[in-house]
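Colleague: Given next are the chains, with one letter for each unit.
There are 2 protein chains.
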Amino acid sequence: MTLASSVLGGDRLALARLLTQVENDSLEGRAALAELFPHTGRAHLIGVTGAPGTGKSSLVNQLALHFRRQDDKRVAIVAVDPSSPFTGGAVLGDRVRMRDLAGDAGVFIRSMASRGSLGGLAQATASVVQVFDAAGYDIVMIETVGAGQSEVDIAGLAHTTIVVEAPGLGDDIQAIKAGILEIADILVVNKADRPGVENTERSLKSMLDLAHPSQRVFRHHGQIMSDSVQAAPRDGMIWIPPIQRTVSTEGTGIAELAGLVAKHAAHLRQSGDWASRERARLEVELDALIRETLMSRFREGVPQKQYDEIVEKVVKRNLSPWEAVKVLMNPHPGPSPRGRGESERSK
Amino acid sequence: MTLASSVLGGDRLALARLLTQVENDSLEGRAALAELFPHTGRAHLIGVTGAPGTGKSSLVNQLALHFRRQDDKRVAIVAVDPSSPFTGGAVLGDRVRMRDLAGDAGVFIRSMASRGSLGGLAQATASVVQVFDAAGYDIVMIETVGAGQSEVDIAGLAHTTIVVEAPGLGDDIQAIKAGILEIADILVVNKADRPGVENTERSLKSMLDLAHPSQRVFRHHGQIMSDSVQAAPRDGMIWIPPIQRTVSTEGTGIAELAGLVAKHAAHLRQSGDWASRERARLEVELDALIRETLMSRFREGVPQKQYDEIVEKVVKRNLSPWEAVKVLMNPHPGPSPRGRGESERSK
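Chains as they are written, first to last, in my numbering: chain A, -13 to 333; chain B, -13 to 333.
Hint data in this document are derived by calculation from the structure and do not stem from the laboratory. Where hints are given, some of them may not hold.
Any copy, or any two copies together, can satisfy a pair, since identical chains are not distinguished.
[Claimed, not checked] Within a straight-line C-alpha distance of at most 27 Å, the following computed DSSO-like cross-link-like pairs (lysine-lysine) qualify:
| hint | residue 1 | residue 2 |
| --- | --- | --- |
| 1 | K59 | K291 |
| 2 | K302 | K249 |
| 3 | K59 | K302 |
| 4 | K191 | K59 |
| 5 | K299 | K59 |
| 6 | K249 | K191 |
| 7 | K291 | K302 |
Let's have the full structure, built from the sequences with the hints guiding it.
Modeller: Encoded structure:
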């Protein structure tokens, strides 16, 4: 019995082990992903992102509790912290979560820290999400700490993206919002019992008005895709991101937020956007895999000694980086074993 | 006369035009970069990063003014906002800056917003920095908004990285610090006239103590390199990141901070770390160029129709992403024109 089939059978320990293999991008992990892949595509993927200090983790916990208790859904939480190569922050978050969610077999929480590169982290997150999807979790929440491009990219994995704000977080939060607003399906003003909540909500509204919904673009790693190119929205099928106030520490607004999430899922299915987002998501994943594969093949083909010599020439400013790439791509003056030199010269 | 030679001759208008070409990664831009490359390697590159709300922009302005007026250095500022596909936030920042720095021919400010992909932005930033370096700017400051992995990567371009904190920015800032602290050469507690400054400084100190300097790693895109692997630090040559309080709106602590920057530059030169950071930086750039080149060659080789068919199979779960990559990499059952299919089968 493979690890993957144990996971499909509901074995929680096998799931934990498989997640580690998938995170480490081991050969076993890749084989398991291939085996699980036909079972994916059923979970509702929900991205939750926003600036530090907005109380995202607490909000995610409350939502997870709601989905469990009110809707009887199985819920996985993937907490991603791209800025930390350690799991320190994430582990702390897990402990806080344990109190409410521990011992519930219908909940699985996984923290992910940086795997050395951002691309690697996005890829590992996509794989972990696939495993949860195949394992039968109805809802997979992907929570990202921070508010940079990395978070936007990772949130791009989701069907529904929730962007969390909070009152009084300082001036240049404003600058950050523009990019994040583009990916928001639902806006949350958390800590809504704080002073300044009206200001925060008003500025979100005016920014939403600026971004006309028909021109909204759907951003992913390295690509900007207009939803309308994928599938033109049908009449009356335009989704305007609603703004929901919450006080996650008290559970206020959580039921309403869960309602909006369900409404968005229904909208995606009716409008055809669910399918177009799925396709875009899988294309991005494919693209990343192609990049990695090309690079590792390239590395196998260039001897370390030759590479070091070229770098030395660049360091001494005898060769520009672009010239170095040309030399590395066409290493042999005669035809290479793969015939690459040949095809290049004949251009 | 080429654009590049005009830039080397000090033509400010040519510089602005070349920066645009380089940002757009045009063929002219690439040719100019190759022409300018032998003239690079002289500027001191200073990265300034930190969470939103810490007052980075104002701090960067004050530092720039100091370098101009006290040290008579030519200063370029590259303001990078990876979260915004628009230049809104950046342009606002420029206007604020104009008041103090406008009309000074020894200062050049360039704002950069996202170019569609994070890798693209890091690459464009590296190129823009090279242009300023070749154009004779003594100091190039690279300012990043936000605190995610993207900012860490872009800050990795610098010789000296300044991480800016401020009191009272909320709880999960703490979690973010761990990753950022690793890349800090100098820590700044800005807005030091605010309550809570002692707490902020204390927590920074305790985190610094945890990260023993001899084990500090030097992080770049996709790679983690130990400084000691590059060049073992000589005895007494270990740099322990100092903490400097500033109130940038009043200019408090700016002279002291500029002094620390100069001290760090001297340390880098004496310890040999300047050379090892240069090498690491150029290797990262080379790596990114190789990736891009491999990907564009691959795209040229696969017909859009075939690519779309494969994606369709993945969407229908008939093919896993990994299987799709295999098919795309070996498109022909017989030997391909480049002989790739051949070499793959013979493995």
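Colleague: Could you work out which of the previously given hints the structure breaks and list their numbers from low to high?
Modeller: The structure breaks hints 1, 4, 5; every other hint is satisfied.
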